[in-house]
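Asker: Chain by chain, the residues run as shown.
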Amino acid sequence: MSERTEVLSALEDIFDDVFMDADVSFSDSLSSDDIEEWDSLAQIRLLTTIEKHFSIQFEIEQIDQLKSVSSLVDAILAKMA
Amino acid sequence: MQNRDWLPPVADDFKTICKQITEGSADRASLARVLHTQLDVNQCTRLMKAVCSDAGASVIACGFAQVKLGIVSNSTQDLLVAPLFIAGLRRGVWLNICLADFDQAWQESQSVNSKLCQFGPDFILINQDYRGYPFANGGVSQAKSDVRSSLDFITQVADGFLANAGVPCIVQNLALPPANLLGNFDIRHHTALSATILAFNQQLAERLSDSPHYLLDVFSEAAHLGGTQWFDQRSWLSSRIALSEEGTLFYCERVAALVGAIKGKSRKCLVLDLDNTLWGGVIGDDGLYGIAIQPGTPRGEAHLRLQQLALELKQAGIILAVCSKNDEKNALEAFQVHPDMLLKETDIAVFVANWQDKPTNLQFIATTLNIGIDALVFVDDNPAEREIVRKMLPDVAVPEMGRDPSTYADILMRANYFESLSQTEDDLHRADQYRANAARSKLQNNATDMQEYLRSLEMVARVEPFLSSNIVRVTQLVNKTNQFNLTTKRYTQDQIERMAANVDMLTLSVRLADRFGDNGLVSVVICHKQPMQLEIDSWLMSCRVIKRDLEHWICDYLVEHAITSGINQIIARYLPTEKNVLVENLLPELGFCWDEQLQVWSLDTRHYQFHRPPISKLEAS
Chain D
1 MSERTEVLSA LEDIFDDVFM DADVSFSDSL SSDDIEEWDS LAQIRLLTTI
51 EKHFSIQFEI EQIDQLKSVS SLVDAILAKM A
Chain U
82 MQNRDWLPPV ADDFKTICKQ ITEGSADRAS LARVLHTQLD VNQCTRLMKA
132 VCSDAGASVI ACGFAQVKLG IVSNSTQDLL VAPLFIAGLR RGVWLNICLA
182 DFDQAWQESQ SVNSKLCQFG PDFILINQDY RGYPFANGGV SQAKSDVRSS
232 LDFITQVADG FLANAGVPCI VQNLALPPAN LLGNFDIRHH TALSATILAF
282 NQQLAERLSD SPHYLLDVFS EAAHLGGTQW FDQRSWLSSR IALSEEGTLF
332 YCERVAALVG AIKGKSRKCL VLDLDNTLWG GVIGDDGLYG IAIQPGTPRG
382 EAHLRLQQLA LELKQAGIIL AVCSKNDEKN ALEAFQVHPD MLLKETDIAV
432 FVANWQDKPT NLQFIATTLN IGIDALVFVD DNPAEREIVR KMLPDVAVPE
482 MGRDPSTYAD ILMRANYFES LSQTEDDLHR ADQYRANAAR SKLQNNATDM
532 QEYLRSLEMV ARVEPFLSSN IVRVTQLVNK TNQFNLTTKR YTQDQIERMA
582 ANVDMLTLSV RLADRFGDNG LVSVVICHKQ PMQLEIDSWL MSCRVIKRDL
632 EHWICDYLVE HAITSGINQI IARYLPTEKN VLVENLLPEL GFCWDEQLQV
682 WSLDTRHYQF HRPPISKLEA S
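Going down the list, the sequences are from chains D and U. Under my numbering, think of the first position of the first sequence as 1, with each following residue one higher. Under my numbering, think of the first position of the second sequence as 82, with each following residue one higher.
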């Protein structure tokens with residue numbers, strides 16, 4: 001499994017924890033436009049959960065930038081590199 | 082980092098159990114299994130949704146105290162709701178939470194038509210941190226006047242809610258920001274933020290001490306976790322969320338403990354295992370002088386620390402009990418003769434050392450002390466014992482104890498099972514009273530009949546109205562008595578004080594002493610006086626004095642009082658709850674008859690048969 005696939009699979013679990021009832025199927029192309037519940041508070045919850053899971057820290061400007069699964073994966077991989 | 086170390090880790094099947102709760106196929110025991118674990122904010126949200134679903138709530142909701150809590154804050158509160166609800170469940174409280182809009186403390190408090198006042202809350206939580214006060218942004222020159230104006234502001238908000246919503250507030254003091262401006266200089270300089278906050282906190286406690294409001298000690302909770310972990314600057318700057326996730330979880334525990342204590346849900350009894358808990362080693366194998374308890378040895382000091390804590394809790398009115406798998410003689414010997422033991426035999430109200438399973442023994446301890454099983458905290462180093470108690474008795478609090486005894490005392494304190502609203506004179510003697518009770522039940526076994534036993538106790542009762550000297554204890558008793566309680570009405574101290582001053586009310590507080598000691602203030606009666614009748618609004622009695630015929634004595638007293646006042650009729654109601662079955666038949670036993678027309682129990686004082694139990698009356702001085 002590539003590193004990207006591993007991160008994606010972990011993100012899928014995290015999305016289930018944060019957006020538990022949201023009626024969307026998880027994929028690489030998912031963005032905040034697709035999930036109604038993905039508002040600014042959910043974003044904080046999402047980033048906190050990701051940070052805990054991967055033991056990384058995002059910067060404040062990334063809060064507004066990381067609004068899609070693909071950008072999250074890129075950012076996580078960059079932080080872990 | 083995970084600091085709520087008294088809770089075990091989240092179970093692997095957490096999501097499955099949440100699903101079962103939603104489907105209505107889980108019971109209270111499986112709820113307890115997931116509830117008392119280190120849930121994070123996401124997991125709290127999932128569990129809350131499950132518990133609040135139609136099927137979940139119908140299975141689980143009963144048995145919790147329902148509390149409507151309104152919250153105002155200068156920070157975003159949305160992420161607080163689920164962890165606060167879950168922390169409430171852990172304390173036996175079902176919270177119905179209503180959030181005011183952002184930063185509306187003043188507006189909400191000043192109008193009966195505001196969102197929170199209209200919500201009909203039981204309490205208002207004013208969650209204001211230092212950034213909600215002027216000194217956070219003010220220049221250095223005006224800090225002193227800022228403290229005063231900030232105190233005026235917060236007391237006016239609290240009193241506004243008291244007037245407009247009719248309920249007391251939970252007001253919090255302030256956590257120190259996570260860093261100083263000029264290092265060591267700040268604390269010496271009264272205009273610096275940290276010095277200002279310390280002054281504010283001290284004066285806030287003074288202002289609240291004579292008010293009906295409750296003080297939430299955020300300051301110490303944040304200090305325990307550490308300011309750098311408590312706050313989260315990034316979330317504050319992006320979303321006005323004040324606390325980190327960890328800070329939020331701790332904050333919610335503190336609030337829930339306070340609300341739980343107000344609702345009488347604090348624990349009353351600490352049950353301790355012996356081998357490798359109160360001392361190191363196994364006394365049956367290592368021998369009396371082989372146990373690790375010596376001062377000056379690291380392992381001995383660790384166990385002594387737990388003993389020291391138990392002793393301090395006992396002095397604060399917490400009952401101590403022992404539950405150990407041991408031969409009783411071996412176990413007792415340590416308490417009787419080992420010179421290094423801090424705890425003595427007389428400190429333990431119920432001492433159980435045998436080879437039965439611990440759930441059975443815990444049940445025996447609760448029954449002997451006449452307290453609910455949900456009043457127990459069980460401390461045991463053995464994970465298997467903890468597991469079986471959690472499984473068989475989900476209402477017993479079982480803190481997680483690691484392998485290192487040096488952590489035991491701190492874990493137990495952090496778990497905060499014994500949250501206390503006040504310390505009355507009675508609290509200080511409570512543990513001894515329970516122990517005397519155990520002595521009385523031994524005497525009871527010897528006495529050939531009940532009347533002889535009661536006579537041998539040489540009981541003396543004393544009745545007083547509600548006075549400033551007893552109002553704290555009366556309030557405490559009113560709010561935590563569950564079993565001997567006819568109507569289970571709860572009143573705040575403020576309401577109790579108003580009753581005391583109301584000439585149309587008859588308020589009685591009853592103390593009982595006997596030859597084993599003073600039981601303190603043990604019963605409360607509240608009546609409405611009307612020209613022709615006396616109506617019992619509340620009557621409750623501490624379980625410590627049940628089966629002593631004190632209820633008969635009090636009934637005699639009430640009837641005598643009625644007759645002297647020319648009143649022929651006393652009426653009363655029994656409102657059943659899950660816990661007051663004990664008094665189901667009290668009224669007919671005392672001589673009340675059911676009035677079908679009025680749907681109340683009624684007693685005609687002219688035909689009353691006085692019970693005259695062997696209790697003598699001490700006139701109020």
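Each hint should be verified, as a subset may be incorrect.
To be verified - Here are the in silico distance ranges between beta carbons for each label pair:
1) D:E37 to U:F183: 39 to 49 Å
2) U:S550 to D:D16: 19 to 29 Å
3) D:E51 to U:D298: 25 to 35 Å
4) D:E37 to U:T448: 27 to 37 Å
5) D:S29 to U:K660: 51 to 61 Å
6) U:K660 to D:A78: 50 to 60 Å
Said to hold, decoys possible - Taking beta-carbon pairs under 8 Å as the criterion, some of the chain U residues facing chain D (in silico):
7) T118
8) L160
9) V162
10) S316
11) E326
Think of the hints as simulated: they come from the structure by calculation, not from any bench. Glycine included, each C-beta is placed from N, C-alpha and C at the ideal position.
Asker: To test your reading of the hints: which numbers does this structure violate?
Answerer: 1, 2, 4, 7 and 9
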